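Chains as they are written, first to last, in our numbering: chain S, 1 to 246; chain H, 1 to 246; chain L, 1 to 352; chain V, 1 to 352.
Read the hints as simulated data drawn from the structure, not as lab findings.
Some hints could be false.
[Said to hold, decoys possible] The calculated lysine to aspartate or glutamate pairs, modelled on EDC-like cross-linking and capped at a C-alpha distance of 20 Å, are:
1) K181(L) <-> D224(V)
2) K122(V) <-> D171(V)
3) K203(V) <-> D202(L)
4) K181(V) <-> D287(L)
5) K122(L) <-> D171(V)
6) K181(V) <-> D202(L)
7) K181(L) <-> D202(L)
[To be verified] Reference excerpt, derived from the structure (chain V facing chain H, CB under 10 Å, subset only):
8) Y13
9) Q17
10) A50
11) P72
12) R75
13) F81
14) Q82
15) L86
16) R150
17) F229
18) L325
19) M329
These figures come from a predicted structure and were not determined experimentally.
For every residue, glycine included, the Cβ atom is placed at its ideal position computed from N, Cα and C.
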Amino acid sequence: MQRLNVAPLRALLALTVALAIWQAVVWLTGVPRFILPGPGRVAAALWDNAALLAEHARFTVANLLTGLVAGVALGVATALNLALSPGARLMLRPMLIFAQAVPVFALAPVLTLWLGYGAASKIVIVMLVIYFPVTSAFFDGLIRLPPALSDMAQMMRATPVRRLFLLQVPHALPALASGLRLAVVYAPFAVIIGEWVGSSRGLGHLMLLANGRGQTELMFAALFVLAGMSLALFAALERLLRTRLA
Amino acid sequence: MQRLNVAPLRALLALTVALAIWQAVVWLTGVPRFILPGPGRVAAALWDNAALLAEHARFTVANLLTGLVAGVALGVATALNLALSPGARLMLRPMLIFAQAVPVFALAPVLTLWLGYGAASKIVIVMLVIYFPVTSAFFDGLIRLPPALSDMAQMMRATPVRRLFLLQVPHALPALASGLRLAVVYAPFAVIIGEWVGSSRGLGHLMLLANGRGQTELMFAALFVLAGMSLALFAALERLLRTRLA
Amino acid sequence: MSGVTLSNVVKKYGDVQVIHGIDLEIENGEFCVFVGPSGCGKSTLMRMVAGLEDTTSGAIQIGARDVTRLDPSQRGVAMVFQTYALYPHMTVAENMGFGLKMNGYPKAEIREKVAEAARILKLEPLLERKPKALSGGQRQRVAIGRTIVRGPEVFLFDEPLSNLDAELRVDMRVEIASLHKQIGATMIYVTHDQVEAMTLADKIVVLRAGRIEQVGAPLDLYRDPDNRFVAGFIGSPAMNFLPGQVVHGALSIAALRTVPALDLRLPADGTRVELGIRPEHLQIDADGDGFRLDLIEKLGGISYAYLHAATGERLIVATDGDSDLTDDMDVGITFDPARAYLFDAETGLRLR
Amino acid sequence: MSGVTLSNVVKKYGDVQVIHGIDLEIENGEFCVFVGPSGCGKSTLMRMVAGLEDTTSGAIQIGARDVTRLDPSQRGVAMVFQTYALYPHMTVAENMGFGLKMNGYPKAEIREKVAEAARILKLEPLLERKPKALSGGQRQRVAIGRTIVRGPEVFLFDEPLSNLDAELRVDMRVEIASLHKQIGATMIYVTHDQVEAMTLADKIVVLRAGRIEQVGAPLDLYRDPDNRFVAGFIGSPAMNFLPGQVVHGALSIAALRTVPALDLRLPADGTRVELGIRPEHLQIDADGDGFRLDLIEKLGGISYAYLHAATGERLIVATDGDSDLTDDMDVGITFDPARAYLFDAETGLRLR
């Protein structure tokens with residue numbers, strides 16, 4: 001997981017190599033374009049359908065970011081509350097086990113049932129998927145203040161609230177950062193799955209639609225927009241973490 | 001992530017509490033059964049549709065296990081090969097970045113396009129999703145043999161192949177174990193998503209079907225079978241790891 | 001007026017008693033060292049004084065106040081932890097001022113007190129650094145500085161030097177001794193290292209298994225140990241012990257052909273005893289026999305000879321640096337009977 | 001016949017030269033210690049002998065063979081690593097036999113050799129354990145056992161005691177010395193601890209910044225150092241140095257009113273010099289002056305007095321345990337001029 005922390009230049013190089021291999025495969029195997037179109041055709045499809053893709057991407061990105069922000073906020077708030085109330089660990093544990101061993105993703109159909117085919121079900125699935133890892137990582141960081149640091153605080157008359165915000169939170173920031181990294185990796189999965197399970201808009205919807213109509217180039221174009229979105233999100237987080245946590 | 005390693009008893013307790021809360025919610029809110037059926041109704045649906053659920057579950061489990069075994073085998077083989085060939089790290093890195101930052105899940109529609117709506121596309125998506133974390137974790141373990149242990153081997157005339165199998169592999173087993181833990185958490189996601197994107201059989205298909213027909217109890221029943229499957233898989237791996245690696 | 005008084009202090013974890021009714025008086029301004037092997041309860045006892053561990057029964061007084069049930073922050077104590085316990089996200093100055101900030105002191109006063117402590121410990125150039133940018137010794141000084149800033153009645157040190165390398169440990173030892181002289185406050189210091197205890201303490205408390213073995217000034221413990229444990233624990237290299245027995249009213253030591261008369265009243269016939277002699281009070285007799293010289297370590301200023309007796313006992317003898325002894329010689333030993341000690345082998349008590 | 005000869009050995013990493021043309025002869029059966037502060041190149045030099053680092057230029061001979069370009073496994077050396085480097089998934093016996101197994105020895109012979117090494121090191125009861133079930137000292141012994149099993153011409157020890165606590169370090173030091181006496185093989189030992197070097201070595205090689213400062217027997221280095229670095233590095237507590245100058249053909253030392261005549265030819269007028277005297281060769285004159293006694297540490301058998309001169313220099317004086325000196329006295333110092341050393345302050349070289 002450490003590997004992700006890499007210069008954008010390297011990623012660009014990897015992308016170029018992948019594109020070259022892809023083009024080579026298309027040329028060498030003569031695979032039909034409705035099975036695997038070459039990069040050139042996909043690029044053309046991207047250009048031709050720019051407006052369509054942009055419209056669907058806007059829906060997807062809006063839900064993704066809303067769910068992300070809400071999930072992180074809720075997770076941070078939960079962790080802070082749990083850290084202040086003793087016995088919290090005991091409560092949190094079964095929740096986390098359940099959430100980690102059972103695929104929260106699998107709730108996607110239930111959410112469409114409850115919240116309909118619109119934005120709400122997507123936002124909630126993103127929130128749900130993000131909420132548990134963020135809460136768990138941050139809470140772990142908060143309660144893992146080394147005993148001597150905690151003793152020291154006790155000797156210095158630090159109230160629990162002050163201790164939380166002046167000592168535990170700064171100490172837990174690296175843990176929160178790993179939670180956020182997981183969150184931005186999971187969030188695009190979650191929003192696309194939400195759309196696959198039932199939606200009339202968004203990149204995931206567009207992919208299934210294009211697939212059903214045999215518009216293979218468009219499907220790949222949508223896939224690329226999605227990949228670009230994920231990478232951009234990841235890079236943005238890395239930049240944020242570097243400037244804030246360094 | 002450490003938390004998962006917990007006694008089954010605790011998990012059972014958590015499940016019981018969750019069921020109780022669920023029943024309480026249904027009683028207290030009077031929510032209609034097509035939105036949220038109580039645990040009793042879901043249990044009844046489980047019982048009534050046992051044969052149907054079992055048939056679909058068989059399909060899902062078969063694909064899941066086949067993909068899991070194939071993905072792990074391929075990942076282990078790749079990691080061993082990479083560990084023996086110098087410069088491998090450089091090759092592996094871009095691959096891993098790409099695979100981790102871009103949702104491999106998103107390839108599901110492409111795979112149904114290529115491999116059809118049958119078992120093959122599900123098996124391959126499971127393989128793909130598992131392949132990267134297993135390869136990455138095991139390879140990391142293999143090359144992280146402490147320098148002194150490696151020096152020692154060099155002084156003792158250990159050939160690269162012997163060093164790999166006698167020293168690096170035993171040293172990398174804990175890393176492989178974490179890779180496998182990730183794999184069994186990801187695999188059920190992958191197989192269900194494969195079914196959601198396009199399938200005429202399997203638990204995922206059944207869930208969407210039930211959802212579309214308003215058979216909410218059946219959908220929840222399918223969800224429970226899926227959750228049980230995930231937990232069983234996880235527990236089986238934990239047992240295997242404890243007996244083999246302890 | 002802030003000595004520390006422990007009265008019949010007991011600590012239990014559930015059914016397990018780890019501190020067995022300790023009575024101790026530490027004078028105002030005294031440097032008191034708790035020393036003993038790991039598991040002896042020295043750290044627990046200090047943490048009870050600090051208030052970080054509850055006291056199961058008994059009373060702890062600081063100055064005239066009974067602090068047994070008080071919160072740590074109200075006891076007028078400040079502690080230096082083994083791990084330094086510096087807050088990694090705060091600068092040195094913020095770390096040092098944190099306690100005062102928590103107690104609501106005005107910023108100007110905090111700055112002033114931090115500057116004063118930094119001056120005493122020569123930390124001025126480091127005030128704006130983060131702990132991770134400091135060396136081990138500097139971190140230790142910051143941890144000490146943080147206690148000085150709070151101006152406590154009693155300073156507590158929990159094995160403060162154990163994470164430093166040998167050379168730095170000596171320097172910091174001297175620095176802590178100077179600090180005590182300069183500030184003059186009551187200090188309690190926990191260590192498992194008897195050299196630290198000997199060099200720093202006004203008063204040493206030797207603990208074993210939750211009980212006090214002996215209390216006294218360093219050289220008193222060295223010269224006049226009450227029991228075999230203290231005799232063996234204080235002094236480096238450790239005292240040599242030779243087992244024997246009282247036979248017909250005389251002392252018989254297995255490894256020695258003749259035993260010089262000791263100026264003490266021997267116990268009853270048949271009592272098993274141990275004769276204790278420090279390495280620096282033994283001399284090697286190159287013409288004698290009964291012992292084999294396994295190895296001689298020549299350090300320049302001093303040499304250590306490792307001997308074993310024909311009867312199996314092992315001994316260390318300190319000789320001068322120019323010793324012309326060599327490995328594998330057969331030798332004897334001599335000693336001044338006035339510098340030998342006798343212990344009851346059963347009870348470990350000193351026979352006087 | 002397996003001494004080790006280094007001829008003009010050089011190591012460069014890219015443009016950075018870390019070993020500057022070292023010539024060294026280690027006799028067959030000799031215990032040779034490379035000692036120096038961290039970064040002096042002592043570990044690199046040993047790793048070059050082992051073949052774990054390439055030799056940039058120059059030649060390394062073991063016995064009569066030039067091994068400079070040979071693979072580590074063909075050099076007839078075995079090494080004990082600082083981290084022990086035991087394989088965690090193998091038992092003690094498997095760890096010890098691993099080298100022979102790699103070299104295709106029959107199982108019965110491996111078992112025999114492992115049993116023999118286990119006997120020498122008293123490891124028999126531990127043979128079936130995994131390393132994580134062993135204490136630090138036991139792991140160290142297994143690491144040594146593994147080298148014995150391979151029966152090398154040259155044993156290499158890379159700071160083998162640095163992960164042990166002080167007490168165990170002394171025991172293992174004695175054990176390694178006995179092992180060398182018993183086996184009689186050539187041994188090279190790297191350490192930063194001059195006490196280890198003094199007590200173990202037949203020959204000490206003092207390194208600094210990739211160059212040899214002096215080679216010799218322990219007491220020769222202690223008594224007759226070639227330069228200020230060796231004088232200050234060997235001996236504990238370290239030698240005291242007092243700066244001065246040659247004025248009108250006589251020695252003038254800032255901190256001393258009168259300087260006793262030294263039996264050596266002084267350099268030209270105006271040369272800046274340093275007078276070196278070891279703590280154990282200084283005496284305190286309670287009636288003298290010029291120095292202030294900051295602190296006296298009484299360890300029982302010995303006491304150390306920390307002094308500072310009116311001119312600022314700091315000194316340590318070793319006195320006997322019964323010293324009646326106290327802190328904050330004004331004192332003078334005396335010493336036997338035959339035990340003082342003089343160094344050129346520019347070059348650090350000894351003036352004789």
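Here is how each hint holds up against the structure:
A C-alpha spacing of about 39 Å is found between K181(L) and D224(V), which places the hinted pair above 20 Å, so the restraint is violated. Only pairs whose Cα atoms come within 20 Å are accepted, and K122(V) paired with D171(V) is accepted, the gap being roughly 14 Å. With a CA separation close to 43 Å, the supplied pair K203(V) and D202(L) exceeds the 20 Å bound. A C-alpha spacing of about 24 Å is found between K181(V) and D287(L), which places the hinted pair above 20 Å, so the restraint is violated.
Between the alpha carbons of K122(L) and D171(V) the distance comes to roughly 38 Å, so the proposed pair goes past 20 Å and is violated. Taken as a hint, the K181(V) and D202(L) pair is broken in the structure, with Cα atoms around 44 Å apart against an allowance of 20 Å. Restraint check: the Cα-Cα separation between K181(L) and D202(L) comes to about 11 Å, which is no more than 20 Å; the hinted pair holds. The interface hint given for Y13(V) is violated, since its Cβ lies 16 Å from the closest Cβ of chain H, which is over the 10 Å cut-off.
A least Cβ separation of about 23 Å between Q17(V) and chain H goes past the 10 Å threshold, and the interface hint is therefore violated. Annotation: interface hint on A50(V) holds; nearest CB of chain H at approximately 7 Å, less than 10 Å. For P72(V), the suggested interface contact is upheld, since its CB lies about 4 Å from the closest CB of chain H, less than 10 Å. For R75(V), the interface hint holds, the least distance from its beta-carbon to any beta-carbon of chain H being 8 Å, beneath 10 Å.
Checking F81(V) against chain H by beta carbon gives a least distance of about 4 Å; that is within 10 Å, so the hint holds. The criterion of a C-beta within 10 Å of any C-beta in chain H is met by Q82(V), whose closest approach is roughly 7 Å, and the hint holds. Checking L86(V) against chain H: minimum C-beta separation of about 8 Å stays under 10 Å; hint holds. A cut of 10 Å between beta carbons decides the hint on R150(V): the least distance to chain H is about 8 Å, and the hint holds.
For F229(V), the interface hint is violated, since its Cβ never comes within 10 Å of a Cβ in chain H; the closest pair sits about 30 Å apart. A hinted interface residue such as L325(V) counts as satisfied when its beta carbon comes closer than 10 Å to some beta carbon of chain H; here the least separation is about 48 Å, so the hint is violated. Contact between M329(V) and chain H, as hinted, is not supported at the beta carbon level, the nearest pair being about 52 Å apart and thus beyond 10 Å.
Comparing the model with each numbered hint stated earlier shows that hints 1, 3, 4, 5, 6, 8, 9, 17, 18 and 19 do not hold.
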